[in-house]
Amino acid sequence: MSSLSNVTLSTAKSTAVWPRNACVPRSLLVPSEFLSRAECTALFEQIVGLTRGGGETYVMITSAWRGGTQWARSRVHMASETRTTSVAISRTIRGAWGAAGTTRLDAEGLQQAVRDAEQALLLRREAYEQLHDAEHEQAHDADALSSAPTLQPTLWDEATYRVSAETRTQLAQAMLAEADDAGLLAFGALHLIASGNATLATDGLVQYYPTTEVLCSVTVRDPKGIASGWAGVNHYALGKIDPHAIAARALEKCQRMYTPTPPSAIEPGRYTVILEPQATADLFAPVMNWLERETAELPEGPFGGRESGRSKIGERVLDRRLTLRSDPMDPDGGFLPYDTSNGTPYQPVTWIDRGVLRALAYDRRYALRTLHRETALPNPRAFRLAPADGVPTATLEELIATTARGILVTRFHDVRLLDMNSLLCSGYTRDGLWLIEDGKISRPLKNFRFAESPLFILNKVEAIGVPQRVFAPGRAYVAPAVRVKDFSFTGLADGV
Amino acid sequence: MTSRHDFRMRQRAANVTRRTLLKTGSIALAATALPYQFADAASVGEIDRSPLRRAEIPELLSAALHAANAAGATYADVHVLSTRREEWQYFVGLDYPAPWWDTTLGFSVRALVKGYWGFVGIDGVVTADIAAAAGRDAATQAALAARGKPRVAELASTPVVTGTWTMPVAIDPFTVSLEEKADVIGALNDDIERLHDGVGVGTLLTLSKQHRIFASSDGSYTTQTLYHTGGSLSVTVPRDWRSGLSGHRSADVFSVAGAGWEYVQQAGVAVRDAAPQLIEDALGSRRPKPVEVGRYDIVFDAKAIANILGTSIGVATELDRAMGYEANGVGTSYLDDPLAMLGTYKVGSPQLTVTANRSMPGCAATVQWDDEGVVPRETTLITDGILTDYQTTREAASWLAPYYQQHGTSVVSNGCAGMYEATDFMRQHSPNLVMRPGPHALSFADLVKNTKRGLAIVGGDWFVDQQLLNGTGSGEIVYEIVNGKLVGTISGAQVVYRSPNFWKGLVALGGATNAQTFGHWRVRDSYRGTFHSITAVPVLITGVAVTDLTRQA
Numbered sequence: 001m002s003s004l005s006n007v008t009l010s011t012a013k014s015t016a017v018w019p020r021n022a023c024v025p026r027s028l029l030v031p032s033e034f035l036s037r038a039e040c041t042a043l044f045e046q047i048v049g050l051t052r053g054g055g056e057t058y059v060m061i062t063s064a065w066r067g068g069t070q071w072a073r074s075r076v077h078m079a080s081e082t083r084t085t086s087v088a089i090s091r092t093i094r095g096a097w098g099a100a101g102t103t104r105l106d107a108e109g110l111q112q113a114v115r116d117a118e119q120a121l122l123l124r125r126e127a128y129e130q131l132h133d134a135e136h137e138q139a140h141d142a143d144a145l146s147s148a149p150t151l152q153p154t155l156w157d158e159a160t161y162r163v164s165a166e167t168r169t170q171l172a173q174a175m176l177a178e179a180d181d182a183g184l185l186a187f188g189a190l191h192l193i194a195s196g197n198a199t200l201a202t203d204g205l206v207q208y209y210p211t212t213e214v215l216c217s218v219t220v221r222d223p224k225g226i227a228s229g230w231a232g233v234n235h236y237a238l239g240k241i242d243p244h245a246i247a248a249r250a251l252e253k254c255q256r257m258y259t260p261t262p263p264s265a266i267e268p269g270r271y272t273v274i275l276e277p278q279a280t281a282d283l284f285a286p287v288m289n290w291l292e293r294e295t296a297e298l299p300e301g302p303f304g305g306r307e308s309g310r311s312k313i314g315e316r317v318l319d320r321r322l323t324l325r326s327d328p329m330d331p332d333g334g335f336l337p338y339d340t341s342n343g344t345p346y347q348p349v350t351w352i353d354r355g356v357l358r359a360l361a362y363d364r365r366y367a368l369r370t371l372h373r374e375t376a377l378p379n380p381r382a383f384r385l386a387p388a389d390g391v392p393t394a395t396l397e398e399l400i401a402t403t404a405r406g407i408l409v410t411r412f413h414d415v416r417l418l419d420m421n422s423l424l425c426s427g428y429t430r431d432g433l434w435l436i437e438d439g440k441i442s443r444p445l446k447n448f449r450f451a452e453s454p455l456f457i458l459n460k461v462e463a464i465g466v467p468q469r470v471f472a473p474g475r476a477y478v479a480p481a482v483r484v485k486d487f488s489f490t491g492l493a494d495g496v
Numbered sequence: 001m002t003s004r005h006d007f008r009m010r011q012r013a014a015n016v017t018r019r020t021l022l023k024t025g026s027i028a029l030a031a032t033a034l035p036y037q038f039a040d041a042a043s044v045g046e047i048d049r050s051p052l053r054r055a056e057i058p059e060l061l062s063a064a065l066h067a068a069n070a071a072g073a074t075y076a077d078v079h080v081l082s083t084r085r086e087e088w089q090y091f092v093g094l095d096y097p098a099p100w101w102d103t104t105l106g107f108s109v110r111a112l113v114k115g116y117w118g119f120v121g122i123d124g125v126v127t128a129d130i131a132a133a134a135g136r137d138a139a140t141q142a143a144l145a146a147r148g149k150p151r152v153a154e155l156a157s158t159p160v161v162t163g164t165w166t167m168p169v170a171i172d173p174f175t176v177s178l179e180e181k182a183d184v185i186g187a188l189n190d191d192i193e194r195l196h197d198g199v200g201v202g203t204l205l206t207l208s209k210q211h212r213i214f215a216s217s218d219g220s221y222t223t224q225t226l227y228h229t230g231g232s233l234s235v236t237v238p239r240d241w242r243s244g245l246s247g248h249r250s251a252d253v254f255s256v257a258g259a260g261w262e263y264v265q266q267a268g269v270a271v272r273d274a275a276p277q278l279i280e281d282a283l284g285s286r287r288p289k290p291v292e293v294g295r296y297d298i299v300f301d302a303k304a305i306a307n308i309l310g311t312s313i314g315v316a317t318e319l320d321r322a323m324g325y326e327a328n329g330v331g332t333s334y335l336d337d338p339l340a341m342l343g344t345y346k347v348g349s350p351q352l353t354v355t356a357n358r359s360m361p362g363c364a365a366t367v368q369w370d371d372e373g374v375v376p377r378e379t380t381l382i383t384d385g386i387l388t389d390y391q392t393t394r395e396a397a398s399w400l401a402p403y404y405q406q407h408g409t410s411v412v413s414n415g416c417a418g419m420y421e422a423t424d425f426m427r428q429h430s431p432n433l434v435m436r437p438g439p440h441a442l443s444f445a446d447l448v449k450n451t452k453r454g455l456a457i458v459g460g461d462w463f464v465d466q467q468l469l470n471g472t473g474s475g476e477i478v479y480e481i482v483n484g485k486l487v488g489t490i491s492g493a494q495v496v497y498r499s500p501n502f503w504k505g506l507v508a509l510g511g512a513t514n515a516q517t518f519g520h521w522r523v524r525d526s527y528r529g530t531f532h533s534i535t536a537v538p539v540l541i542t543g544v545a546v547t548d549l550t551r552q553a
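In the order they appear, the protein sequences are chains A and B.
Numbering follows my numbering, in which position 124 of the first sequence is assigned residue number 124; successive positions increment by one, without gaps.
Numbering follows my numbering, in which position 348 of the second sequence is assigned residue number 348; successive positions increment by one, without gaps.
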């Protein structure tokens with residue numbers, strides 16, 4: 001059995017065919033695993049050179065190398081490497097626009113994509129010329145856009161990038177070994193991703209950022225299918241996570257789901273629950289989609305005011321001990337520092353401060369027209385939900401120990417919005433559910449269906465844990481465990 | 001030191017001709033006696049808009065397979081996928097419909113070494129050298145994985161196949177002018193909006209043409225051209241002055257099909273004919289009465305039951321999922337012990353029979369060969385309520401060998417191997433599902449007439465848990481049935497079901513003339529998915545639990 005401790009994340013010679021680069025264009029005939037800044041710039045210039053008719057050209061380039069190892073039934077069943085590249089081209093002439101995308105970077109492919117975008121543009125009537133007014137120009141003022149600072153979070157980890165296929169596979173083997181030795185079935189995935197993403201435009205916009213990402217998740221199930229445990233996380237650096245601990249946690253959860261007794265059913269109803277950080281994030285994530293000022297001022301959604309033109313900014317929307325922030329420089333929750341759809345830089349923003357709604361996102365047009373400001377406030381949909389400064393926190397063990405009777409939830413499945421004004425959501429619990437009695441986990445439970453709003457349950461929190469990064473592929477979510485009362489479980493859902 | 005010049009050079013290199021390849025040092029590759037001598041380019045079939053010249057493709061395929069074999073693969077296959085997608089949206093607030101295009105081209109190799117799979121996928125144009133490198137690396141990946149405990153991967157046998165197939169369509173949608181498309185879509189929206197003051201129409205139309213090239217180390221070599229055409233059209237009516245509620249209704253006739261532009265023309269006619277009723281349905285739904293929680297006999301229209309069938313039986317019988325290969329992702333299946341359950345597990349009422357195929361004309365999963373070169377066979381997943389088969393690939397079919405052998409059935413794949421794009425490693429592709437109709441010519445209206453008290457549900461959204469066992473959903477419109485008549489609409493009705501119990505309540509099915517086919521997007525994870533069709537009839541199911549959608553505990 002290989003041990004994770006024997007696996008070193010060194011820059012060992014890769015067994016893959018293509019040697020790694022370090023954001024540097026590669027030699028002739030050997031394709032880049034992803035595009036560098038220079039390559040993206042050259043590609044942009046090539047695209048612009050193919051355009052006809054003047055106007056503006058906007059290009060979004062996404063390129064990524066992905067090395068993945070997946071296992072099921074305690075055997076690695078797929079080891080893969082992929083290189084994906086896509087270019088989205090938007091052409092604008094006198095307000096009319098057209099767009100097209102392609103994965104072909106050859107001259108013919110690029111030319112076709114440019115022609116596609118220009119054909120779509122021609123179809124649109126120049127009724128769009130009404131947009132070509134001072135406000136429109138101002139909203140797309142290159143000088144203003146380029147002068148907005150772009151933060152420089154650390155999202156690239158060279159050591160992660162240089163993990164060889166051999167090392168990745170060894171890690172996977174080590175992660176499944178313990179469950180296999182225990183007679184259980186291990187399932188999981190370890191993906192390492194290196195990306196070069198660029199947004200460029202003929203009005204002077206230039207944004208490029210290389211990133212690495214690790215996706216690590218493990219499920220352990222018993223062969224009879226009565227118990228399942230899960231753990232996972234994503235981060236920009238492999239060194240920031242502990243694959244061994246993830247595997248061990250999934251194994252422990254599975255074992256606790258059927259020993260000493262298999263899961264049993266209890267009546268649906270309202271319960272005190274402890275949501276592990278993953279469950280908190282699963283339920284809270286939909287809130288981020290509604291932090292939009294124009295929508296709120298319709299008024300519509302959970303942050304809509306009492307009348308048109310008003311929002312709930314200044315009103316309490318969460319427990320006073322909670323704060324919600326998005327900050328590209330967050331050491332645990334950092335993210336790409338600009339909106340890839342238009343290049344607008346993200347700035348640190350406190351959306352909710354000590355429970356009070358302080359900010360809602362808006363685009364530059366809204367900023368100019370309504371707020372008389374130059375810059376937009378875009379919504380990155382990445383978040384850190386955390387206790388406010390000075391608020392005491394508790395470990396998960398302490399939360400359990402101080403619970404007279406409640407339910408411990410690992411995570412949720414298929415969270416769906418039922419009502420946009422209350423953010424009432426439904427879904428299912430999954431991969432680990434236990435009854436807590438007198439400060440101890442007493443027995444595993446069968447899963448539930450729930451109907452609950454994150455804004456309801458986080459309006460009055462009993463206790464808050466230490467925030468930690470959770471599993472959200474392609475995103476950065478940091479959330480704490482929380483203990484809340486009266487969580488609504490509406491029915492049994494005995495799927496495992 | 002590299003530069004933009006190098007980048008452009010690489011692009012030119014990607015477009016080299018056969019002559020240039022020889023000059024730049026691929027002579028060794030060209031001169032080697034390759035084990036895979038694919039047919040002359042003339043038989044490859046047209047690949048629109050692809051830079052890969054006909055003569056180059058067999059060379060790429062050979063290079064990849066040769067390299068995979070040389071690196072230790074006992075089996076390998078190669079895919080070249082080229083897709084052209086065109087999407088139109090038109091809704092209230094847009095001045096004019098206009099398209100968005102997406103063109104993809106990708107190359108991938110899958111290799112099997114000692115029971116382990118390796119995979120390499122690349123977007124864009126590849127050269128023979130890159131193809132060889134991909135083959136070598138796929139086998140290397142597999143060999144690395146094989147250093148673990150032994151794993152057995154038996155591939156059910158399949159005949160070697162070669163050939164070209166094009167999905168039969170009357171009109172290639174990419175030969176239709178943009179102006180005509182814009183006119184058709186715009187006119188459809190405008191004509192429906194004129195039928196009633198305040199009506200809004202939203203239309204989404206997606207056209208897709210895909211070339212799929214497949215070659216295997218067994219010697220198979222196929223090219224296929226597939227079309228997918230479809231989308232959605234929905235009608236919204238203004239808020240009612242009394243209730244404050246707006247109304248909404250979707251047209252059933254636009255969902256994705258394996259068809260060409262003629263499908264849009266036919267669907268457009270059908271939608272125009274149905275539009276007055278759609279508007280009336282939407283208007284009539286605005287003064288619902290609140291649901292009373294309880295158990296009901298429910299008449300589901302074909303669309304609603306197709307949605308439920310698609311997950312509770314369709315997805316549940318994907319063998320890789322049933323065996324846990326998606327357990328760490330979207331979940332598992334309640335049909336999770338295949339060898340114990342086949343032939344005995346009661347999925348539903350004896351009236352329930354569901355077949356799977358990939359041959360039905362006009363359906364979204366229809367192909368000549370799947371992505372392993374298998375000619376799909378029609379199979380019966382559920383026979384008179386009993387589980388009798390799963391959707392399989394070549395490897396998955398071998399997992400059911402004891403069952404097939406016991407029943408004197410050959411151990412072959414049902415032809416459900418598929419990938420969405422070349423960079424998407426091989427998984428299962430949902431086949432077309434067909435619910436056997438009832439023996440009598442019963443319609444939705446007939447089923448309502450035969451129901452003393454209950455609900456009638458049309459369309460809607462349906463969801464299930466991670467094991468496809470517990471589901472919920474609500475109809476787009478829910479009607480109350482009293483003494484065989486629809487007497488009004490109901491708000492907030494949420495159906496709650498447990499898959500086997502639900503299907504055991506099936507007591508009546510519509511007749512064959514009331515069968516409808518709907519296209520579905522089968523999503524495996526957040527963005528990857530495939531199209532397939534589900535053919536269903538209206539049904540009556542008894543004893544279904546209905547709760548209040550927004551009621552909490």
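Everything labelled a hint here was simulated from the structure, so no lab data went into it.
Keep in mind that this is a model prediction, so the values were computed, not measured.
Ideal placement from N, C-alpha and C gives every residue a C-beta, glycine not left out.
A few of these clues could be false.
To be verified - Here are the simulated DSS-like cross-link-like pairs (lysine-lysine), alpha carbons at most 30 Å apart as the crow flies: (1) K114/B <-> K289/B; (2) K504/B <-> K224/A; (3) K224/A <-> K346/B; (4) K346/B <-> K289/B; (5) K224/A <-> K149/B; (6) K446/A <-> K224/A; (7) K485/A <-> K446/A; (8) K460/A <-> K312/A; (9) K504/B <-> K446/A; (10) K460/A <-> K446/A; (11) K485/B <-> K504/B; (12) K289/B <-> K452/B; (13) K446/A <-> K346/B; (14) K240/A <-> K224/A; (15) K449/B <-> K504/B; (16) K224/A <-> K114/B; (17) K452/B <-> K504/B; (18) K485/B <-> K452/B; (19) K240/A <-> K289/B; (20) K440/A <-> K224/A; (21) K289/B <-> K149/B.
Said to hold, decoys possible - Each pair of labels, with its calculated beta carbon distance range: (22) S359/B <-> A159/A: 27 to 37 Å; (23) P361/B <-> G54/A: 40 to 50 Å; (24) R287/B <-> D419/A: 39 to 49 Å; (25) G294/B <-> E437/A: 57 to 67 Å; (26) T175/B <-> K224/A: 31 to 41 Å; (27) L178/B <-> K224/A: 52 to 62 Å; (28) G244/B <-> N459/A: 22 to 32 Å; (29) A265/A <-> G244/B: 36 to 46 Å; (30) L298/A <-> E87/B: 23 to 33 Å.
Results of checking the hints against the structure:
Distance hint between K114/B and K289/B is unfulfilled; the C-alpha atoms sit about 63 Å from each other, more than 30 Å. Note on K504/B and K224/A: the hinted pairing holds, with a Cα-Cα distance of about 24 Å set against a maximum of 30 Å. For the suggested pair K224/A and K346/B, the alpha carbons sit about 19 Å apart, so the restraint of at most 30 Å is met. Taking the CA atoms of K346/B and K289/B, the gap is about 37 Å. The hint is violated against a cut of 30 Å.
Distance restraint check for K224/A and K149/B: the Cα-Cα separation of roughly 22 Å lies within the 30 Å cut-off, and the hinted pair is therefore satisfied. Using a Cα cut-off of 30 Å, the hinted pair K446/A and K224/A holds, with the two alpha carbons roughly 15 Å apart. A distance of roughly 20 Å separates the Cα atoms of K485/A and K446/A; the hinted pair therefore holds under the 30 Å criterion. A hinted pair counts as satisfied when its Cα atoms are at most 30 Å apart, and K460/A with K312/A qualifies at roughly 18 Å.
Taking the CA atoms of K504/B and K446/A, the gap is about 23 Å. The hint holds against a cut of 30 Å. At most 30 Å may separate the alpha-carbon atoms for a hinted pair to count; K460/A and K446/A meet this at roughly 27 Å. Distance restraint check for K485/B and K504/B: the Cα-Cα separation of roughly 25 Å lies within the 30 Å cut-off, and the hinted pair is therefore satisfied. Distance hint between K289/B and K452/B is fulfilled; the C-alpha atoms sit about 19 Å from each other, no more than 30 Å.
Of the pairs offered as hints, the one joining K446/A and K346/B holds, with about 23 Å between alpha carbons and a cut-off of 30 Å not exceeded. With a C-alpha separation of about 35 Å, the suggested pairing of K240/A with K224/A is violated against the 30 Å cut-off. Between K449/B and K504/B, the direct Cα distance comes to roughly 22 Å. Compliance with the 30 Å bound is thereby established for this hinted pair. Restraint check for K224/A and K114/B: the C-alpha separation of about 28 Å stays at or below 30 Å, so the hint holds.
Annotation: proposed proximity of K452/B to K504/B holds, straight-line Cα distance about 20 Å (limit 30 Å). A C-alpha spacing of about 8 Å is found between K485/B and K452/B, which places the hinted pair at or below 30 Å, so the restraint holds. At most 30 Å may separate the alpha-carbon atoms for a hinted pair to count; K240/A and K289/B exceed this at roughly 54 Å. For the hint pairing K440/A with K224/A, the CA-to-CA distance comes to about 26 Å; that is within 30 Å, so the pair holds.
At roughly 61 Å between alpha-carbon atoms, K289/B and K149/B are farther apart than 30 Å, so this suggested pair is violated. Here the CB-CB span from S359/B to A159/A is close to 51 Å, at odds with the stated 27 to 37 Å. For the pair P361/B and G54/A, the beta carbons lie near 48 Å from each other, so the given range of 40 to 50 Å is met. For the pair R287/B and D419/A, the beta carbons lie near 20 Å from each other, so the given range of 39 to 49 Å is not met.
Judged by the Cβ atoms, the range 57 to 67 Å given for G294/B and E437/A is violated: they are separated by roughly 34 Å. At roughly 56 Å, the beta carbons of T175/B and K224/A sit outside the given window of 31 to 41 Å. Roughly 58 Å separates the CB atoms of L178/B and K224/A, a value that falls within the hinted 52 to 62 Å. In this structure, G244/B and N459/A meet the distance hint of 22 to 32 Å, their C-beta atoms being roughly 27 Å apart.
Hint check: A265/A to G244/B, Cβ distance near 40 Å, so the stated range 36 to 46 Å holds. For the pair L298/A and E87/B, the supplied restraint of 23 to 33 Å holds, since their beta-carbon distance comes to about 27 Å.
When each numbered hint is compared with the structure, violations occur for hints 1, 4, 14, 19, 21, 22, 24, 25, 26.
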